[in-house]
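Got chain X; can you put chain A on it based on the hints?
Okay, here's what each chain looks like letter by letter:
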Amino acid sequence: MTILMPEPDQSVLARRDEIIAALRRIVPGEGVISSAAEMKPYESDGLMAYRQPPMVVVLPSTTKQVSEVLRYCHQNGIKVVPRGSGTSLSGGALPLADGVLLGLGKFKRIREIDFDNRAVVVEPGVTNLAISQAVDHAGFYYAPDPSSQIACSIGGNIAENSGGVHCLKYGMTTNNVLGCEIVLMTGEILRIGGKAAECAGYDLMGVITGSEGLLGVITEVTVRILRKPETARALMIGFQSVEAAGQCVADVISAGIIPGGMEMMDKPAIHAAEAFVHAGYPLDVEALLIIELDGPQVEVDELIGRVEAIALQCGSTTCQISTSEQQRLLFWSGRKAAFPAVGRISPDYLCMDGTIPRAQLPLVLRRMNEMSEKYGLRVANVFHAGDGNLHPLILYDANKPGEQDAAEAFGADILRLCVEVGGVLTGEHGVGIEKRDLMPEMFSDIDLNQQQRLKCAFDSEGLLNPGKVFPTLHRCAELGRMHVHKGQLPFPDIPRF
Amino acid sequence: MDTLKVRDAQEVEDAVRAAIANEQPIEIVGHGGKRTIGQPMATNAVLELSALNAVAAYEPNELIITVQAGAPMADVLSLIDSKNQHFAFEPMDTATLLGTAPGAGTVAGMIGAGLAGPRRIKAGGARDHLLGAHAVSGFGESFKAGGKVVKNVTGYDLCKLLAGSWGTLAVMTEVTLKVTPRPESERTLVLRGLGDVVANKAMTTALGSPYDVTGAAHLPGSALRTTAGALAEIAQPDQALTLLRLEGITSSASHRAQSLRAALKSFGDAELIEDEASAALWRAVRDVEPFAASGPRALWPVWRIVCPPAAGGAFGEQLARESGGEVMYDWGGGLIWAALPPAADGHAKALRQRVEKIAGHATLIRGSDVVRAAIDVFHPQPAGLAALGDRVKRSFDPTNILNRGRMSRGSAT
Chain X
1 MTILMPEPDQ SVLARRDEII AALRRIVPGE GVISSAAEMK PYESDGLMAY
51 RQPPMVVVLP STTKQVSEVL RYCHQNGIKV VPRGSGTSLS GGALPLADGV
101 LLGLGKFKRI REIDFDNRAV VVEPGVTNLA ISQAVDHAGF YYAPDPSSQI
151 ACSIGGNIAE NSGGVHCLKY GMTTNNVLGC EIVLMTGEIL RIGGKAAECA
201 GYDLMGVITG SEGLLGVITE VTVRILRKPE TARALMIGFQ SVEAAGQCVA
251 DVISAGIIPG GMEMMDKPAI HAAEAFVHAG YPLDVEALLI IELDGPQVEV
301 DELIGRVEAI ALQCGSTTCQ ISTSEQQRLL FWSGRKAAFP AVGRISPDYL
351 CMDGTIPRAQ LPLVLRRMNE MSEKYGLRVA NVFHAGDGNL HPLILYDANK
401 PGEQDAAEAF GADILRLCVE VGGVLTGEHG VGIEKRDLMP EMFSDIDLNQ
451 QQRLKCAFDS EGLLNPGKVF PTLHRCAELG RMHVHKGQLP FPDIPRF
Chain A
1001 MDTLKVRDAQ EVEDAVRAAI ANEQPIEIVG HGGKRTIGQP MATNAVLELS
1051 ALNAVAAYEP NELIITVQAG APMADVLSLI DSKNQHFAFE PMDTATLLGT
1101 APGAGTVAGM IGAGLAGPRR IKAGGARDHL LGAHAVSGFG ESFKAGGKVV
1151 KNVTGYDLCK LLAGSWGTLA VMTEVTLKVT PRPESERTLV LRGLGDVVAN
1201 KAMTTALGSP YDVTGAAHLP GSALRTTAGA LAEIAQPDQA LTLLRLEGIT
1251 SSASHRAQSL RAALKSFGDA ELIEDEASAA LWRAVRDVEP FAASGPRALW
1301 PVWRIVCPPA AGGAFGEQLA RESGGEVMYD WGGGLIWAAL PPAADGHAKA
1351 LRQRVEKIAG HATLIRGSDV VRAAIDVFHP QPAGLAALGD RVKRSFDPTN
1401 ILNRGRMSRG SAT
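Going down the list, the sequences are from chains X and A. Read in order, the letters of the first sequence are residues 1 to 497 in the numbering used here. Read in order, the letters of the second sequence are residues 1001 to 1413 in the numbering used here.
Extracted from the complex, chain X is given alone in its bound form (with noise of 0.2 Å):
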């Protein structure tokens, strides 16, 4: 493990037993696992290059007894992690040695479903997925939709404010949650918006969706729901280059278009996924973009048009329209199942992501190109086109001495040349523990402690998830001080990990 944790907190530790006791007391039966073999399954996320077994695993089933769970560790100091599904790709849910993981799988009922003002109401531990098919029977669906969606839970799409390919038209998880019942460190229980379009005060959802888990945590959520759209249709166009299919994406963009989801894949990317799902992607083209386009008929029919022409102008060497909705879901089979298509053709990968502006697309590519070669290491790319998330998949064997530190500082150089371009670390996955030690790269020590702040603000003991986001702990007192010098800890005794 390269990335380093707070060290553990020997005199919690010494207290495992008396903690275990005084948890089971809150949440009877089975919702306290103790026991290294019960404890396996929770030692890591989606990043699993790194585990970690908790302390315990405590896993709640209301929402008084997640107050009660966290008022008792705040009054005993003992660091929590909450978890959902544990899809995070960022080590978002990694756990502690000295920390209880606090698991919201059992928070699985969706609570309300009201069309008239078309919101749900849902626990955090329903599945994404779950929610759009609640409400399918009427015409409705929920639109943030992760890659992951059959298995991520919503509680974990607002820590990380997740989005997925109809990010563009429709928007991430912050621009489609309406409001939560959110329990603060200490066990206290807020209510935070509704079903109105705006809360009062200031806009906390609007900063708890994003936070990763560091703020509080969330056990109930009430999401926007939309109308299904009409129907979709979806191009498939290849290029035999990066820039004219990037320049294609632009194009269709300055006539006003907005698809519900544009991807791009690079020809490593479509090798792997043609070959595990024979798709019929062309293999003799440099890029491939899918375009997919949704509303009412009429609209999506001259729509195509206008692409396809815009396409063409491009230089598009190839060019399908589906006919079908099984040829369209044919089309977007292979971009959905990029990750495990190269996970057959390598024995272990690293999905980055970061977001560029888009014109820079055709400089990072080539640059990425120069960085394999210096690594030695193969890269595969799948990005969403239309708003500049990249997701390069960096190919390496995690037995082979020194592939996965030469993976891990591949990946590094990619995102610095992210931020270099005018773009961010993380666009959807966030920042975890993977991208913790990168943040200075984006953020200065003044931006990065007025951040630390606001957590200061949701939890003043520091307890909640610490370790991940921020790459250096900081005490609540210190930040609180005025005048802070650029770049002086006033405090250098305190450990940076």
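There could be a bad hint or two in this list.
Example chain A residues on the side facing chain X (calculated, C-beta under 10 Å, incomplete) [what the hints assert, rightly or not]:
1. Ser1254
2. Leu1335
3. Pro1341
What follows is a set of in silico ranges between Cβ atoms, one per label pair, in the way DEER data are often shown [as the list claims (entries may be wrong)]:
4. Ala1374(A) <-> Glu461(X): 35 to 45 Å
5. Glu112(X) <-> Ser1266(A): 21 to 31 Å
6. Arg416(X) <-> Ala1277(A): 48 to 58 Å
7. Ala1057(A) <-> Ser444(X): 13 to 23 Å
These are computed hints drawn from the structure, not numbers from a lab. Remember, predicted model here, so these are calculated numbers, not experimental data. Glycine included, every Cβ here is placed at the ideal spot set by N, Cα and C.
Okay, now just chain A, sitting in the frame of chain X:
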């Protein structure tokens, strides 16, 4: 009144540091058009940002624009319009309602007020379109939040807090906003003579349809009695108007308008208004023209009430009847504008007791100094949320230097 007109971000930082050192709270203004919203502030020191008015970068293909905080909205809107783009959240121009200079207002003022127009139901508000910001906190430190790309989850989304914080957390110096292509055309369906509750049902039906409605407003006949402009042109005496907007490429907007008209048949035979005539109607709704400060209700307090949309009709109808006031509805019933007859507390107590029963909240947007000093202008929060809000305020502005007391009486914010 001491006004310090700053010219760049460094001067903002210097000014805030001086204010901290002198323990002198400062009021932050752009063009000053929204100064009468919020609790009256006890300070004579004003920090004016109108000279920070440059467009730093506009990348139409990237769908973003970066401007200095004091850039005039009118200029920015005109610039993006020249590339056939717009702010999808359709921010209202408060000049009509407040009686301030027409066309004035800055980008940061718009964000600080957290504005949104009729397209809120589809596109969100200012919060949803603020991608990044540079600002000076009440620590006297320049910090940045967010980024300059449309998809970003790096660190806390501090931009959400800045939007709608009325300058109480930080002084924005530069902001990056998302822009989107302007729809090719628009169509408005007009239903006439519906009561508020029935109109609410019509709007709910339209918004629950697959026809992608981007505006749903209802104006009771009484609210239209004294209005001028686009709404007056189509209004008939004492007859309510219910407006439903469809936008997009021309063939689609026309097609959907026909489909929606059929779906709403039970509510009446809808008229169709197209393009510029339609746009004028929605500007009037956006800017709350029926309650304009130049109209006969100039002295009436005006409230902005946000509630679950389906509850709006019944609530508004009762409010108008019992108070003797007038209401109009936007966001399918989720936003109610209410002009109420003058009263010592501007009807705050009765209004809030009632709106809390439907899980809504109410903000006084236009009111006399006396009324504003006597009541909570912003909806009071439950104790726990208020305390958290105070802690958030202190995490940005520990000595309460910035717009002290504007959002809440008797607490830090």
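A quick look at each hint next to the structure:
1. Ser1254: 9 Å, holds
2. Leu1335: Holds, about 7 Å.
3. Pro1341: 24 Å, violated
4. Ala1374(A) <-> Glu461(X): 35 to 45 Å: 40 Å, holds
5. Glu112(X) <-> Ser1266(A): 21 to 31 Å: 27 Å, holds
6. Arg416(X) <-> Ala1277(A): 48 to 58 Å: With a Cβ separation near 53 Å, arginine 416(X) and alanine 1277(A) satisfy 48 to 58 Å, so the hint holds.
7. Ala1057(A) <-> Ser444(X): 13 to 23 Å: With a Cβ separation near 20 Å, alanine 1057(A) and serine 444(X) satisfy 13 to 23 Å, so the hint holds.
Of the hints listed earlier, the one the structure fails to meet is number 3.
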